[in-house]
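Asker: As given, the protein sequences belong to chains Z and V, one line each in that order.
Taking my numbering, I'd label the letters of the first sequence as residues 107 to 570.
Taking my numbering, I'd label the letters of the second sequence as residues 107 to 570.
Where hints are given, some of them may not hold.
For identical chains, the list gives no copy identity; a pair is met inside one copy or between any two copies.
Subject to a maximum C-alpha distance of 30 Å in a straight line, what follows is the list of computed DSS-like cross-link-like pairs (lysine-lysine) [stated by the list, open to error]: (1) 408 with 183; (2) 497 with 557; (3) 561 with 490; (4) 497 with 133.
These are computed hints drawn from the structure, not numbers from a lab.
Just so we're clear, the structure is a prediction, and the values are computed from it rather than from any experiment.
Number of protein chains: 2
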Amino acid sequence: MSGSSRERLTVIGGDAAGMSAASQARKRRGSEDLEITVFERGGYTSYSACGIPYFVGGVVGDVDRLIARTPETFRSKFDIEVHLRHEVTEIDLDRRRLRVHDLDGGRERWENFDQLMVATGAVPARPRLPGADAAGIHGVQVLDDGIAIRRILEAERPRQAVIVGGGYIGLEMAEALVMRGLQVSLVDAAPEPMRTLDLDMGALVADALRNLGVTLYLGERLDAFETSDGRVSAVTTSERTVPADLVVLGLGVRPNTELARTAGVPVGATGGILTDRQMRTRADGVWAAGDCVETSHLVSGKPVAIALGTHANKQGRVAGINLGGGYATFPGVVGTAVSKICGVEVARTGLNEAEAAEAGFETLSVVVESTTRAGYYPGATRMKTKIVAEKRSGRLLGAQIVGEEGAAKRIDGLAIALWNRMTVEEMTGLDLSYAPPFSPVWDPVLIAVRKAAEKVEETMRECR
Amino acid sequence: MSGSSRERLTVIGGDAAGMSAASQARKRRGSEDLEITVFERGGYTSYSACGIPYFVGGVVGDVDRLIARTPETFRSKFDIEVHLRHEVTEIDLDRRRLRVHDLDGGRERWENFDQLMVATGAVPARPRLPGADAAGIHGVQVLDDGIAIRRILEAERPRQAVIVGGGYIGLEMAEALVMRGLQVSLVDAAPEPMRTLDLDMGALVADALRNLGVTLYLGERLDAFETSDGRVSAVTTSERTVPADLVVLGLGVRPNTELARTAGVPVGATGGILTDRQMRTRADGVWAAGDCVETSHLVSGKPVAIALGTHANKQGRVAGINLGGGYATFPGVVGTAVSKICGVEVARTGLNEAEAAEAGFETLSVVVESTTRAGYYPGATRMKTKIVAEKRSGRLLGAQIVGEEGAAKRIDGLAIALWNRMTVEEMTGLDLSYAPPFSPVWDPVLIAVRKAAEKVEETMRECR
Numbered sequence: 107m108s109g110s111s112r113e114r115l116t117v118i119g120g121d122a123a124g125m126s127a128a129s130q131a132r133k134r135r136g137s138e139d140l141e142i143t144v145f146e147r148g149g150y151t152s153y154s155a156c157g158i159p160y161f162v163g164g165v166v167g168d169v170d171r172l173i174a175r176t177p178e179t180f181r182s183k184f185d186i187e188v189h190l191r192h193e194v195t196e197i198d199l200d201r202r203r204l205r206v207h208d209l210d211g212g213r214e215r216w217e218n219f220d221q222l223m224v225a226t227g228a229v230p231a232r233p234r235l236p237g238a239d240a241a242g243i244h245g246v247q248v249l250d251d252g253i254a255i256r257r258i259l260e261a262e263r264p265r266q267a268v269i270v271g272g273g274y275i276g277l278e279m280a281e282a283l284v285m286r287g288l289q290v291s292l293v294d295a296a297p298e299p300m301r302t303l304d305l306d307m308g309a310l311v312a313d314a315l316r317n318l319g320v321t322l323y324l325g326e327r328l329d330a331f332e333t334s335d336g337r338v339s340a341v342t343t344s345e346r347t348v349p350a351d352l353v354v355l356g357l358g359v360r361p362n363t364e365l366a367r368t369a370g371v372p373v374g375a376t377g378g379i380l381t382d383r384q385m386r387t388r389a390d391g392v393w394a395a396g397d398c399v400e401t402s403h404l405v406s407g408k409p410v411a412i413a414l415g416t417h418a419n420k421q422g423r424v425a426g427i428n429l430g431g432g433y434a435t436f437p438g439v440v441g442t443a444v445s446k447i448c449g450v451e452v453a454r455t456g457l458n459e460a461e462a463a464e465a466g467f468e469t470l471s472v473v474v475e476s477t478t479r480a481g482y483y484p485g486a487t488r489m490k491t492k493i494v495a496e497k498r499s500g501r502l503l504g505a506q507i508v509g510e511e512g513a514a515k516r517i518d519g520l521a522i523a524l525w526n527r528m529t530v531e532e533m534t535g536l537d538l539s540y541a542p543p544f545s546p547v548w549d550p551v552l553i554a555v556r557k558a559a560e561k562v563e564e565t566m567r568e569c570r
Numbered sequence: 107m108s109g110s111s112r113e114r115l116t117v118i119g120g121d122a123a124g125m126s127a128a129s130q131a132r133k134r135r136g137s138e139d140l141e142i143t144v145f146e147r148g149g150y151t152s153y154s155a156c157g158i159p160y161f162v163g164g165v166v167g168d169v170d171r172l173i174a175r176t177p178e179t180f181r182s183k184f185d186i187e188v189h190l191r192h193e194v195t196e197i198d199l200d201r202r203r204l205r206v207h208d209l210d211g212g213r214e215r216w217e218n219f220d221q222l223m224v225a226t227g228a229v230p231a232r233p234r235l236p237g238a239d240a241a242g243i244h245g246v247q248v249l250d251d252g253i254a255i256r257r258i259l260e261a262e263r264p265r266q267a268v269i270v271g272g273g274y275i276g277l278e279m280a281e282a283l284v285m286r287g288l289q290v291s292l293v294d295a296a297p298e299p300m301r302t303l304d305l306d307m308g309a310l311v312a313d314a315l316r317n318l319g320v321t322l323y324l325g326e327r328l329d330a331f332e333t334s335d336g337r338v339s340a341v342t343t344s345e346r347t348v349p350a351d352l353v354v355l356g357l358g359v360r361p362n363t364e365l366a367r368t369a370g371v372p373v374g375a376t377g378g379i380l381t382d383r384q385m386r387t388r389a390d391g392v393w394a395a396g397d398c399v400e401t402s403h404l405v406s407g408k409p410v411a412i413a414l415g416t417h418a419n420k421q422g423r424v425a426g427i428n429l430g431g432g433y434a435t436f437p438g439v440v441g442t443a444v445s446k447i448c449g450v451e452v453a454r455t456g457l458n459e460a461e462a463a464e465a466g467f468e469t470l471s472v473v474v475e476s477t478t479r480a481g482y483y484p485g486a487t488r489m490k491t492k493i494v495a496e497k498r499s500g501r502l503l504g505a506q507i508v509g510e511e512g513a514a515k516r517i518d519g520l521a522i523a524l525w526n527r528m529t530v531e532e533m534t535g536l537d538l539s540y541a542p543p544f545s546p547v548w549d550p551v552l553i554a555v556r557k558a559a560e561k562v563e564e565t566m567r568e569c570r
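Chain Z extracted, bound-state conformation:
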């Protein structure tokens, strides 16, 4: 315990997970009982990292719109003390204290804690290649990155951008830069973008990008960055050299756990901090949540580290409830994700074919094309739904959707079915909503699971 009679909760990281935990803990324990202090390395709290591409592209005008709550709000409404631009550089578990570096003042000090919440987020993967540290090469991880890129767009007027990596962030940034009038290329070592989809569905996304005017260099390994006067001038792949005055890295992220690991907080095979379902780490009085933790994939049963604001918020809330004396758990994820790229909606949940094989499942798949609304109703658009099911049992293992307006949110129903371990046969009976402005009489989800159930039946007949 610290000197005073009240307990002190110290939070490292002031974004989704950290601030959710702090708010929930405060909700249950007043200031007389719990002091809450947050140290945030960057210049903002509680912002929408997922909104960065829309801020860069100009869809969102003002950076303030991405910020849910400011430090002033936390102070005045919740009595939570937030220190921005304060980096924690060491955790001393034995003496229950943190070394904190005031990035503006330049001074370091020690701060005590009784309970510690680790919400250090993720760090973007940076290729260890020649020229990788040149100016003009940017990751997109924290809000400051987005602000930096937008400043460059407005001040330096770059003309040729290369996106390295065709995941969600890479594609959303590609669209944002096209909207800004740049000539945009995308390099990815995989044969299709969006590796979380199967190749057949990824190919649909590639078509959408080409329609938008993005040049794709797929199946090409990144070799080096060419520079001139310390600034990036081109990206070299295994096949070619692509001129670039702006490079955006979308190579994924890994849990930011060095601080915790060094202090002796155990991390798992994924590199994420190990926690129980209440978000307690294996170190006494230390909690963790968000992009820095490892969680369970409820379909594969394997540990995963998935950096997503929605998990960070939920995990932070769970940690905060438990810190506050309540009881809550975060059981895991089913791998749901959604994105919109130039009018094309992309969603996935569960395991794709490759992931299912890796997890030891024998699978079958179907891809069904249907419409988002009744065919005769204005605004009906085409969408493709892919279902991956276990071959013998027919258990739903995953789903992917690529379509236009109104398609992708259907993934939620599939995610809930996965959560409940439904079979495709059982799903054919689901009572989903129908009216002509919303779906055909057989919703695309129902058509897809029906086809999958038929294939399961055929397979069983063949096996007899």
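The hints should help you fit chain V onto chain Z, whose structure is shown.
Answerer: Then chain V, alone, in the frame of chain Z:
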């Protein structure tokens, strides 16, 4: 068995349930094994009854667009013989035959069957009030009704319409007639329209109707229809007389089972034909599906008769698979429905407060206002989500959504959660999709179940 060596399946009713059953049976049993004959009283097969308001309103131009498959298609592609304008007037179970009336030829004949599929649909409730049979008063049940109303709109140019009954069809027809330039009033005995919603949510729908220019006479009992020369001229309620040259009845429907009941096929308390989960009636070799049957409500556990194309299609498919030698079941419904009225999306699933009370549940409810997309993302609209949960267990019992573009389809996830008997606490962990164009970081569904879970916890604390 009939004279030939092959079995004869005869279907009464050529819309969703009947034709789904016929098609599925054919898929599994070829013409050499099964002869399939359909008798349909009306002039069309396999049309979208739910599309009628959009046809009347002019959103759908041509009636053919509502027809999924014509008799010619069934004949040529499936070898299914469809006789339009043929009404079955008697089922003789002992002699395995039907009396069929050719409505155009005027002749009656007997037709044999081995297996019988009853898909006689529903009949609209018609009030037994003075003037109810006058010209200008129309139900909206079959496609011929829609064609008749549209013909009147184009030929007679009525100016004042009164809709009687504020259910889905009534409201959709109100919008359609407003689009046609009529002055539209709506009379309903209930205090708010859309009785399948709780009053607080129904009030939001009432506001939307008023904004559209519909005059609402709520809480007023229908007393009589005034007529002039055999044509309706006004509707009289307990409070006033409303001039009308067109009246549309939206008073709901009941299962059309007289034919089956008279033949000795048992019906349940709801008036719908009793079937098992394979859609077999209690009469040997007689099957039934669609609006004419009774089914189970999986939340209340009670029998219900809900006339909806989506159930009719599923039940017909299940009957057809079983008729064809396969195995399929229709376990029941959770009461999902959706509608769009003048830009307002309305959806519901499970039990509302009144229904839950009637089913013996002690409930708590929350209503949450949130946005369909991230608040900073263009096109975000406001929506209200209501959750009804069991007070002690926190089991989800029902949900209602009223909002704008992009709100209502979220009901599907709630319907799947209901299907799986989830608690609101468990639902707070659900891995739903998130990206700014699709939802706030906490999807409205998650916000709503989180608030409900908090209320369950509070209630438990109070009870201790």
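Asker: Work down the list of hints and note, for each, if the structure agrees.
Answerer: Outcome of the hint check:
In the homo-oligomer, the alpha carbons of residue 408 and residue 183 never lie at most 30 Å apart, since the shortest distance is 40 Å inside one protomer and 48 Å across protomers. Taking the shortest Cα distances, residue 497 and residue 557 sit within 30 Å of each other inside one copy (13 Å), while across copies they are farther apart (39 Å). When the C-alpha separation of residue 561 and residue 490 is checked against a cutoff of 30 Å, the pair qualifies only within one copy, where the shortest distance is 17 Å, while the shortest distance between copies is 39 Å. With identical chains, the CA atoms of residue 497 and residue 133 are at most 30 Å apart between copies only, with a shortest distance of 22 Å across copies and 47 Å within one.
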